[in-house]
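S.K.: Here is what each chain is made of, one letter per residue.
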Amino acid sequence: MKIDWAALGSVFGVSLVATVALVGLFTLGIVGLSKQEQAAAQGGSAALARTGAYACFALCLAAVAYGIYLIVV
Amino acid sequence: MEHITLLLAIVVVTALVFDFTNGFHDTANAMATTISTGALKPKTAVAMSAVLNLVGAFLSVEVAKTISKGLVNEEGIQPEVILAALVGAILWNLVTWLVGLPSSSSHALMGGLIGATIASIGVSGVNGGVVVSKVLIPAVAAPLVAGLAAMFAARLTYRMDKNADKKTTEKGYRAGQIASAGLVSLAHGTNDAQKTMGIITLALVAGGVLAPGSNPPVWVIVSAGLAIALGTYLGGWRIIRTMGKGLTDLQPQQGFAAQTSAAAVILASSNLGFSLSTTHSCSGAVMGAGLGRKGGVVRWSTATRMFVAWGLTLPAAGLVGAGAEYVARQGDWGVYTVAAFLVASCLAIWVISRRQVVDHTNVNDVETEPAGVVTTAIAAVTPPPAAGSVAAVADEDLKTTIPAPVPTDPAAPPAPAAAV
Chain L
1 MKIDWAALGS VFGVSLVATV ALVGLFTLGI VGLSKQEQAA AQGGSAALAR
51 TGAYACFALC LAAVAYGIYL IVV
Chain W
1 MEHITLLLAI VVVTALVFDF TNGFHDTANA MATTISTGAL KPKTAVAMSA
51 VLNLVGAFLS VEVAKTISKG LVNEEGIQPE VILAALVGAI LWNLVTWLVG
101 LPSSSSHALM GGLIGATIAS IGVSGVNGGV VVSKVLIPAV AAPLVAGLAA
151 MFAARLTYRM DKNADKKTTE KGYRAGQIAS AGLVSLAHGT NDAQKTMGII
201 TLALVAGGVL APGSNPPVWV IVSAGLAIAL GTYLGGWRII RTMGKGLTDL
251 QPQQGFAAQT SAAAVILASS NLGFSLSTTH SCSGAVMGAG LGRKGGVVRW
301 STATRMFVAW GLTLPAAGLV GAGAEYVARQ GDWGVYTVAA FLVASCLAIW
351 VISRRQVVDH TNVNDVETEP AGVVTTAIAA VTPPPAAGSV AAVADEDLKT
401 TIPAPVPTDP AAPPAPAAAV
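Line by line, the protein sequences give chains L and W. Residue numbers for the first sequence follow the working numbering, beginning at 1 and rising by one. Residue numbers for the second sequence follow the working numbering, beginning at 1 and rising by one.
Quick caveat, the hints were computed from the structure, so don't treat them as lab data. Since the structure is predicted, the reported quantities are computational estimates derived from the model, not experimental observations. Heads up, some of the hints might be wrong.
[Claimed, not checked] Okay, the calculated beta carbon distance ranges per label pair:
1) L:Asp4 to W:Ser345: 36 to 44 Å
2) L:Leu59 to W:Thr337: 56 to 64 Å
3) L:Val17 to W:Thr337: 51 to 59 Å
4) L:Ser10 to W:Pro212: 31 to 39 Å
5) W:Thr361 to L:Gly43: 41 to 49 Å
[Said to hold, decoys possible] Keeping only pairs whose Cα atoms sit at most 20 Å apart, straight-line, the calculated SDA-like set for lysine to any residue is:
6) W:Lys134 to L:Ser10
7) W:Lys294 to L:Gly24
8) W:Lys162 to L:Gln38
9) L:Lys35 to W:Lys171
10) L:Lys35 to L:Leu48
11) W:Lys134 to W:Pro315
12) W:Lys43 to W:Val358
13) W:Lys134 to L:Ala7
14) W:Lys171 to W:Leu156
Backbone N, C-alpha and C fix where the C-beta goes; we use that ideal spot for every residue, glycine too.
Build the full structure now, drawing on both the sequences and the hints.
M.R.: Shown next as structure tokens:
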């Protein structure tokens with residue numbers, strides 16, 4: 001009986017890091033977007049918050065694309 | 001040679017039935033959280049999952065190839081063994097669906113295969129070490145890995161979005177959940193539809209129709225993809241209810257964290273060479289996300305029933321598989337008996353399920369089942385201090401207010417006491 005602890009460990013590590021990083025990134029995007037909307041409601045603009053939010057979403061989209069790539073290949 | 005083709009036809013149809021049960025059993029994995037948090041309407045969610053499963057089935061045939069070439073020895077295996085294994089797996093899938101518990105379709109299939117192999121060539125045909133390393137360890141590891149990831153992710157997202165606008169966040173998490181649920185569906189289509197393709201190809205090779213080592217024929221790919229998509233679209237609403245509402249109460253943030261963790265674990269495990277069950281990962285992710293919110297609770301009685309079902313999957317499907325193999329190898333009449341038994345059991349389970357219908361209209365209604373032992377125990381331990389402190393406060397109110405002359409509203413102080 002041989003259990004591949006190294007593979008299990010790497011699955012654990014990669015899943016944990018990927019999940020927390022992605023959820024964190026996505027939440028950052030949402031927070032940025034909400035800041036921008038609050039600013040817009042007060043007549044101002046928050047270009048930095050909006051750009052940052054879109055950058056976060058773009059990174060998430062890239063992660064999804066990488067996921068699809070992993071499924072297909 | 002006629003009886004071989006008939007036997008093969010029965011095996012192929014049974015494999016497609018298994019594929020179908022696999023589809024509706026596993027809809028919950030991708031869509032339970034999406035449905036329970038209201039990110040998608042139930043019908044829309046299952047339709048989307050079905051389409052992605054179908055697409056996934058056509059994306060590649062890598063998994064099917066590993067099953068049909070090498071994982072099982074093509075020389076020794078007979079169509080009857082495959083039939084018996086499928087019967088065990090299908091019945092276990094249907095029984096767990098009836099009681100609304102998520103359990104792994106792959107484990108059911110492995111259990112059926114192990115049982116049928118033991119009945120066919122004896123215990124020596126099964127490698128015990130492989131059972132532990134490929135089935136038991138992953139069954140414990142998957143929910144832990146996915147659960148921890150989902151818990152940390154949920155904690156993080158609650159901490160970060162504290163000051164964010166409620167409407168924007170809801171919309172955002174909705175989109176995020178749909179994307180990660182889509183990924184899970186796609187991965188399921190490529191993995192599980194291909195398992196069926198591999199099994200049908202294996203049966204065709206074993207029956208002498210295909211040359212050993214061939215790729216699955218196009219009609220096999222198409223029918224397996226359609227069977228899993230149809231099953232997914234019909235939706236295992238009972239399991240969706242358990243996973244989306246029964247295990248814990250999910251808010252959009254948690255649903256997103258759970259679904260992302262499930263997608264990450266599934267993709268990581270299938271690419272890093274330690275395969276984990278989709279069902280186990282998703283259930284674990286849901287529970288982890290439930291614990292990731294302050295005040296979130298996991299209904300351990302439901303979770304315990306689910307863990308018991310996981311433990312029973314292998315022996316139960318194995319027992320049925322062994323019995324089916326014993327009957328099926330008696331000859332033609334044995335095969336017909338097994339097929340008739342399967343049809344009769346499926347009908348019986350379906351009839352029982354009609355007594356209390358769960359479908360897309362009531363999937364989000366929480367069952368008012370009597371609280372389990374563990375839930376009751378936890379409930380019995382927690383509330384008393386709270387109630388006691390309320391009573392104490394009320395008493396102090398009485399003590400402090402009554403001596404003072406308060407002509408304005410003398411009725412007010414006694415009110416909390418009366419309420420208590």
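S.K.: All the hints need checking, so say for each whether the structure fits it.
M.R.: Hints, one by one, checked against the model:
Our hint of 36 to 44 Å for Asp4 of chain L and Ser345 of chain W holds, since their Cβ atoms are close to 38 Å apart. Checking the proposed 56 to 64 Å range against Leu59 of chain L and Thr337 of chain W shows it holds: the Cβ atoms sit about 58 Å from each other. Evaluation of the 51 to 59 Å hint for Val17 of chain L and Thr337 of chain W yields a pass: the beta carbon distance comes to about 53 Å. Taking 31 to 39 Å as the suggested C-beta distance range, the pair Ser10 of chain L and Pro212 of chain W conforms, at roughly 34 Å.
Under the hint 41 to 49 Å, the C-beta atoms of Thr361 of chain W and Gly43 of chain L, about 46 Å apart, fit the expected range. Between Lys134 of chain W and Ser10 of chain L the CA atoms are separated by roughly 16 Å; this keeps the pair inside 20 Å, and the hint holds. A threshold of 20 Å between alpha carbons decides the hint, and for Lys294 of chain W with Gly24 of chain L the separation of about 18 Å falls inside it, so the pair holds. Distance hint between Lys162 of chain W and Gln38 of chain L is fulfilled; the C-alpha atoms sit about 14 Å from each other, no more than 20 Å.
At most 20 Å may separate the alpha-carbon atoms for a hinted pair to count; Lys35 of chain L and Lys171 of chain W meet this at roughly 14 Å. Restraint check for Lys35 of chain L and Leu48 of chain L: satisfied, since their Cα atoms lie roughly 10 Å apart, inside the 20 Å limit. A threshold of 20 Å between alpha carbons decides the hint, and for Lys134 of chain W with Pro315 of chain W the separation of about 15 Å falls inside it, so the pair holds. Note on Lys43 of chain W and Val358 of chain W: the hinted pairing holds, with a Cα-Cα distance of about 13 Å set against a maximum of 20 Å.
A C-alpha spacing of about 12 Å is found between Lys134 of chain W and Ala7 of chain L, which places the hinted pair at or below 20 Å, so the restraint holds. At most 20 Å may separate the alpha-carbon atoms for a hinted pair to count; Lys171 of chain W and Leu156 of chain W meet this at roughly 18 Å.
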